[in-house]
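With chain A held as given, fit chain B onto it using these hints.
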Amino acid sequence: MTLVTYDLVEVGEQLPNRSFPITRADLVRYAGASGDFNPIHWNARFAVGVGLPDVIAHGMFTMATAARLVTDWIGDPGAVVDYSVRFTKPVVVPDDESGAMLDVEGVVAEKLESGLVRIDLTARSGDDKVLGMARATVRLS
Amino acid sequence: MALDPSFVGRSYPPTPPYQVGREKIREFAAAIGDANPAYTDVEAARALGHRDLIAPPTFAIVLSLGASHQVVKDPALGLDYSRVVHGEQRFSYTRPIVAGDELSVVVTVEKIRSMAGSDIITTRGDIVTTDGEAVCSAYSTLVSRAPDPAPEPTPVPEPTPVPETGVPQ
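Top line first, the protein sequences correspond to chains A and B.
By the count of the numbering used here, the first sequence reaches residue 189 at its end, each step adding exactly one.
By the count of the numbering used here, the second sequence reaches residue 175 at its end, each step adding exactly one.
Any given hint could turn out to be false.
As the list claims (entries may be wrong) - Residues from chain A shown here face chain B by an in silico Cβ test under 8 Å; the list is partial: (1) Ser82; (2) Met108; (3) Met111; (4) Thr113; (5) Ala115; (6) Arg116; (7) Trp121; (8) Pro125; (9) Val128; (10) Val133.
Calculated directly from the structure, the hints in this document are not laboratory data.
The beta-carbon is built from N, C-alpha and C at its ideal position, and this holds for glycine as well.
The shape of chain A in the complex, shown without the other chains (with noise of 0.2 Å):
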C-alpha cells in the first residue's frame, strides 16, 4: 500500500524537494555497508593523485541518497520496480564540517498502465547536475 494513490497522481505534480547533507564520515559508513572501498571515495591523497579536486561520494550513494526522494513519498520502497541513472558529474565531499550537499528535485513525468508511474529525478551539488536520466518506475496502489 502506497502513500500515493494512482487515480490521484498527475503529471506534473512536483514531490517535495530535499537536500541532502554528505560528509566523509557518511562515504566511510557506506564504504563499509557496501564494500566499495575504492579509495578515491575516502583518501584525498589518492583521489588528487588520479585527477580529481578531491574525495567524492561514491555514485552509488548518490543513487541511494537520490532515491529517498521517491521511498518517502511513495512510503513503501518496494513499490520501485525501476530506478535508474547517468554520474554525469562527481560529488567533490570537502574534509570540514560540512561536507557537500545533494539537492533533490523529483517530478511525475508519465503515468502508465497497471499502476505504474515514472518519476524523473534532478541532483545538484553546488552548480553541478550530478546525475542524469534519473527515473524511477513505481507501482501504486
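Structure of chain B alone, referenced to chain A:
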C-alpha cells in the same frame, strides 16, 4: 585498447549463494541515512505486505558489483580496470529483495563499445533466488577512460539513449 567484442552475450556461472540478513539490510539503510521503517522494523515491513524486512532499491549493487568483477577483471577482456569509472546504473525489479532471501547472480555481457578513446562495457546481473525465482536485474555501465590527455567527451543530448563517458564514481 579496444575490448574483445566476442565477449558480448557471454554469461558467467552463478555466484555462490548470498544470504540476505536483517542486520545487513539495517546496516545498509543506516549507511545511506534512510530511516524508512520497512528496512528496520519487521512489523512495519509486514504491514506493507512484505514477508520480512526489505532492502533499499540500490542494495542490489552489493551483489551485482562483485559479481561483475568476474568479467570486467577478466584479463582476456582487455579492460584497464585502473581507469574504470561508473557511467550508468539501472535496477529492474521483479520484487524487492527481502531478508531471508538466498540469492545468486548470473552476469551477462550486454554491450561493448568504444567512444572517444574510452572502452565502455555494459553488464547485466540477473539476481535470482536459489529456487530460481527472478528478483532483480542490475545493469552496470563501466567506462575505462581513454589514456591522458583524455579528449573532452562530446556532450550527449539527454533524450539520446547513449551513455556518456562517465566520471569517477
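Let's test the interface hint: is any C-beta of chain B closer than 8 Å to that of A:Val128? holds, 5 Å
Less than 8 Å between beta-carbons is the criterion; does A:Met111 satisfy it with respect to chain B? holds, 5 Å
Any CB of chain B closer than 8 Å to the CB of A:Trp121? violated, 11 Å
Per the CB criterion, is A:Ala115 less than 8 Å away from chain B? holds, 5 Å
Double-check A:Arg116 for me: the hint is only fine if its C-beta lies closer than 8 Å to a C-beta in chain B. holds, 5 Å
Chain B contact restraint on A:Thr113 - CB to CB distance below 8 Å: Result: holds, 6 Å to nearest chain B Cβ.
Quick check on the hint: A:Pro125 CB to chain B CB, less than 8 Å? This hint holds: A:Pro125 lies near chain B, its Cβ roughly 5 Å from the closest one there, short of 8 Å.
When the least beta-carbon distance from A:Val133 to chain B is tested against 8 Å, hint result: It holds, given that the least Cβ distance between A:Val133 and chain B is near 6 Å, below 8 Å.
Tell me if A:Ser82 is really an interface residue toward chain B, meaning its C-beta lies closer than 8 Å to one of theirs. OK, holds: A:Ser82 within 8 Å of chain B, min 6 Å.
Less than 8 Å between beta-carbons is the criterion; does A:Met108 satisfy it with respect to chain B? It holds, given that the least Cβ distance between A:Met108 and chain B is near 5 Å, below 8 Å.
Comparing the model with each earlier hint shows a violation of hint 7 alone; every other hint is respected.
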